[in-house]
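Asker: Place chain B with the ligands on chain A using the hints.
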Amino acid sequence: MTLTLTNIAKTFPGGTKALLPTDLEISKGEIVSLLGPSGCGKSTLLRIIAGLETPDAGAKIVFDGEDVTHQSVETRKIGMVFQSYALFPNMSVRGNIGYGLKMQRLPRAEIDSRVNEVIALCRLDAYADRSITALSGGQRQRVALARAMAPRPRVLLLDEPLSALDAALRGQLRDELALLLRQFGITAIFVTHDQDEAMAIADRVAVMSQGEVAQIGTPEVLYRNPATGFVARFVGDAMPLEGRIEADRLHLRGGVLALPKPADGSEVLVRAEDIRIDPEGPVSARVETVTFLGTHYRIALGGLAEGPLFALHTGLSAPKPGEDVRLSIASEALLILPRGLAA
Amino acid sequence: MKSVTKSIPLIVTLLACAFLLIPIIQSVLAGLTVNYFRGLSSGLTLKWVGQVWELYSGSIFLSIWLALACLVVTLILGVPAAYALARNPGRASRILEEFISLPLAIPGLALALALLQLYGTLQGFRTSWSFILVGHVLYTLPFMVRSVLSVLAAIDLKSLEEGAASLGAGPARRFFDIVVPNALPGILAGALTVVTLSIGEFNLTWMLHTPYLKTLPVGLADSYASMRLEVASAYTLVFFVMIVPLLIAMQWASARAQRIVQ
Ligand SMILES: Nc1ncnc2c1ncn2[C@@H]1O[C@H](COP(=O)(O)OP(=O)(O)OP(=O)(O)O)[C@@H](O)[C@H]1O
Ligand SMILES: [Mg+2]
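Protein chains in written order, with the UniProt record's numbering: chain A, 1 to 343; chain B, 1 to 262.
Isolated chain A, as found in the complex (with noise of 0.2 Å):
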């Protein structure tokens, strides 16, 4: 199903001015990912589209040509997997399951063949029969899935659907999830404050910023030119340097970096895995903490921007905290971008 957003905003009765006007255009079968901190407004787009809020006048949403703006939110066919679940405790998983389709009164051995159908993808078999609370968190978070999907909706909204599972589940429920809603082929809309979660689930990423949608785009995209330095700080946690722009000179206080274009009253960010230690590097910095990390070394730096800055360093060792090093950051690597422009 093809979703068109015109002028959405929403201002709740206190005046807050939860969503700014905002339009978005998301096709059959894309699976986009609202991403945002805390309260910028992620919720309450997504629960304006799926009609449990209303938006402001003179907001339009269209499913497949068909305006849906006024309808309510059970007659609109969505699917709607929520942040605690939502399960029924009064019911088992197969009744769980089976509501959205005793709704559509269909005959019993339809509904019956169908919840089989959704319990065997989501791989529920051996607990269908069992009650709500006798299930793990992940399992529940499967039915609540299943239960989203089994009335075949015509758009699938999932409110941080990971959020209530440990770290360890959330990775692999994660894998699995992008798997299953690839493979159901429905257009989703998943809201997630985890990067990570996003980039590894959407097709596009949207970033949300204080009511807005401050870039949307593939998660390359977004990684690579950030429009915003809002952006480039909350996909791959760029980090601002602190120096004098004059033209194309970045300067440090520890040395000189060339930019790659004039940047006069622009910001300059770096991410961390972009900082190489290297001897006959233009830069130089303290070393102020060292953090061994399996993988590689977190090494917080000195001298390069208002707080320390952090540089990822693979390599069998690291230097001490205390020393100076020298460093070299490729001109590719920075990142240009407007200064103050979207916090």
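Heads up, a few of these hints could be off.
[Said to hold, decoys possible] Taking beta-carbon pairs under 8 Å as the criterion, some of the chain A residues facing chain B (in silico):
id, residue
1, Leu52
2, Ile78
3, Gly79
4, Ser84
5, Ala86
6, Asn90
Everything labelled a hint here was simulated from the structure, so no lab data went into it.
Only a predicted model underlies this, so the values are computations on that prediction, with no experimental measurement involved.
Note that CB positions come from ideal geometry on N, CA and C, so glycine has one too.
Answerer: Here is chain B with the ligands on its own, set in the frame of chain A:
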């Protein structure tokens, strides 16, 4: 020495139990002895119980009928009221909840007087059982609302309903498929409380009753005032037999509902 200090609390407990139980046992026995003043040696009989049945079976049935009617009314009013309060938490809801609970703070006598002043002149209503029912509903409704509300407040009702709505369930389906089944422990505890309170209610009912409408406790007072002691005691026995199982069931249901709340 140690065993003595240990056994003191036990002895105190047993004495307290005896203090409570002995009058009850005595009363029950009085209802079963042929002649109370000659004691157990006069023999045991069910004659008095039979007499109670003859004289007061109307009261027993009226009480059961009133309790069931009261239950139906408090279910119809109380469950949706608790649901509305749970779905709209806020100052207005708190005030409304206090308002519903007001009859708890007012003595039954005062409540009855107010009802008499308000409706006493409506002859048909004044003399019908539904007049007493109104009093019982006013008195028991807060128990039903609070019991259901405490269970509803403990579950994530909003998300559950949103989940059901996203699957195509309208408001009525959500109420009967999701709200009621999940509130069931609270409804059950509330129902047993309402029935127990309605059957045992005396203050209010005594003010509202007419000579032709005597409930179980009113009949009990009547029998103590006008019958021989054995009959009144047998009446107590009948009353116990009815109310004790209800009390036990109520305790059990409340404990069950409490487990959900925690
Ligand atoms: N019902 C409401 N009434 C008033 N303000 C609300 C309501 N719901 C959300 N808000 C406000 O709207 C803003 C956006 O909320 P929203 O839930 O969309 O954020 P979010 O991006 O989903 O955050 P999180 O990651 O914490 O879930 C927040 O400032 C929040 O406080
Ligand atoms: Mg949210």
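Asker: State for each hint whether it applies.
Answerer: Checked hints:
1. Leu52: holds, 6 Å
2. Ile78: This interface hint holds because 6 Å falls under the 8 Å limit.
3. Gly79: holds, 7 Å
4. Ser84: Cβ of A:Ser84 sits 5 Å from chain B, so the hint holds.
5. Ala86: A:Ala86 check passes; min Cβ-Cβ to chain B is 4 Å, inside 8 Å.
6. Asn90: This interface hint holds because 4 Å falls under the 8 Å limit.
The earlier numbered hints are all upheld by this structure, with none contradicted.
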